[in-house]
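Colleague: Sequence lines, in order, name chains A and B.
Going by the working numbering, the first residue of the first sequence is number 1, and it counts up by one from there.
Going by the working numbering, the first residue of the second sequence is number 1, and it counts up by one from there.
Because the hints were derived from the structure by calculation, they are not lab data.
Being a predicted model, the structure only gives us computed values, none of them experimental.
Hints are not guaranteed to be accurate.
Given that identical chains are not distinguished, each listed pair holds provided it fits within a single copy or across any two copies.
The calculated lysine-lysine pairs, modelled on DSBU-like cross-linking and capped at a C-alpha distance of 30 Å, are [what the hints assert, rightly or not]: (1) K206 / K284; (2) K122 / K78; (3) K312 / K277; (4) K78 / K277.
There are 2 protein chains.
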Amino acid sequence: MNDIPLAIGIDFGGTSVKIGAVRGSEIIDRAPPIATQDFNNPEELIAAMVRAVEDLRSRHEGIIAIGIGMPGFVNFEKGIVFNLTNVRGWENIPLRDLLSKATGLPVAADNDANCMAFAEWKLGAGKGYNHLVCASLGTGVGGGIIMNGSMARGARFGAGEIGQTSIDYQGRRGHYGNLGALEDYIGNQEITRDALVAYQAAGISKDIEDCSPAALSEAARHGDAIAIERWNLIGRMLATSLMNACWLLNPEALVIGGGVARAGNLVFNPVREHLLKQLSGPFKHGLAILPAAFGHEAGTIGAAALALEAAKI
Amino acid sequence: MNDIPLAIGIDFGGTSVKIGAVRGSEIIDRAPPIATQDFNNPEELIAAMVRAVEDLRSRHEGIIAIGIGMPGFVNFEKGIVFNLTNVRGWENIPLRDLLSKATGLPVAADNDANCMAFAEWKLGAGKGYNHLVCASLGTGVGGGIIMNGSMARGARFGAGEIGQTSIDYQGRRGHYGNLGALEDYIGNQEITRDALVAYQAAGISKDIEDCSPAALSEAARHGDAIAIERWNLIGRMLATSLMNACWLLNPEALVIGGGVARAGNLVFNPVREHLLKQLSGPFKHGLAILPAAFGHEAGTIGAAALALEAAKI
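One chain only, chain A, in its complex shape (with noise of 0.2 Å):
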């Protein structure tokens, strides 16, 4: 066991600032928290973090690297923030060098979605395979590309953006003038304003907090027909992304995660039928879908796990 070399992994929130030191799959210990909004600029913020690094650092022997996943753009190949889409300040922030200059560690920054990707691949639930499309569904719905066994970035970093895929030309519009985001029909909040509406319509009168994912899977299993629709129509559009995803990379396996995936069969299950019937034969057969393995430590776990493979250790 201790032969697996130890890596602190770091999930930048735009709530908090997680950080563990990480151990393969396992999170051996946590620094407490960072308030992300606390801080007014990268410098200070960065300084914060690096305490809670050397304070790991100080209780654990033989960490050899940083791993950081953010939620924005990142050239992963200088380890620079492009921008973040909810925290201020930090546009083209040199984090790997900043972050390696104050520890002297091999530090490697990426997005996040990108990180909990990689911890799947590596250690979870699309571990072995070389094919694999991997989403997280929350607030936002990201995702993560391995193609012929290795991370699908892109020309500029930006791939496995499958939440901004449109399921609908005619669409909703989203944050970057998109129509029919699949973020914007099964993100978290949007989750929550269509079943409100649903209810609405239906004459039945629901709280917010009703109709949130949570309470809406609970609602499904007790029987409650108007949340099982809205799985459902959640789950056909799903499907509808990762089959688009299917159709451009044939992959082996689908890893699906992140909050609103703890629906677990209210969503799976539609994802699945829809999936088996649009596929044809060489897209479907074989195709594993899969809840994550990790939940909210995914981003952790994985960004540390990147360091590790960054550094070639």
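Go by the hints and put chain B onto chain A.
Modeller: Only chain B this time, still in chain A's reference frame:
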């Protein structure tokens, strides 16, 4: 010039099999086309292809490999044709080994859209790009993907089927039971059928031949409002599938070819407009949207190029 090796390229279509001797991007000689449907079984058709190959070899010295593009699923690694959509009897045919045994030359067999993409990538509009998506617009809509500087074939050699990707999760039911497939809107015959309906709805009587992509292109150039509207819609639909490929793969370039692409700016302008309107920065900056360099010869040229690469010459 003569230090570029010579190879045979075979473009196996549902109507005819075209065979040429190819040097680089030039077809220096052609065998008479073989009528695909004149043969009762694969063995006889393969024998006819072998005779044509030997005929070309008798006229040209130094032919060192054969490449063949097939209209259906091919196991590229093993050179086996799984099945062809429009040609009977072609199921699990070990085409590569049969052709190789009969000719004594190394043979590569692949899907025809992959051959076209390979021609554009190695010798045509996509030359020099490491991340490339090609689409070919004809009776069917095919495609090929280059990621990280190599062909993306996926787990079972099916990758690149952009024509089957959905632009509407509630859309038309296609060949495989899939809903809203791009091909079911912008395939040759679908363009024609929809245009006929659009003219009828406007109270204008048209013959079916006035509604072919070529006729619609001509009409639009003369200011026909309905024809212009059709091309805008075709461009918008195509842009949706290309956009989805961009979100997933973040390519540097898109290459668009095939008969329908001959409409030129009528289709390229709306494609560009909708892509630039719907993609975010890292996906659209520097994205090249290019017409294919090769027309109907792309398959032959690509098959020959692929054969040389596969033979590692």
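Colleague: All hints are to be evaluated individually against the structure, with a verdict given for each.
Modeller: For each hint, the structure was consulted:
1. Taking the closest pair of Cα atoms, K206 and K284 never come within 30 Å of each other, the shortest separation being 39 Å inside a single copy and 42 Å across copies.
2. Proximity of K122 and K78 under a CA criterion of 30 Å is satisfied in both settings, with 23 Å inside one chain copy and 28 Å between copies.
3. Neither within a single protomer nor between protomers do K312 and K277 lie at most 30 Å apart by alpha-carbon distance, with minima of 42 Å and 40 Å respectively.
4. When the C-alpha separation of K78 and K277 is checked against a cutoff of 30 Å, the pair qualifies only between copies, where the shortest distance is 28 Å, while the shortest distance within a copy is 43 Å.
Hint violations for this structure: numbers 1 and 3, all remaining hints satisfied.
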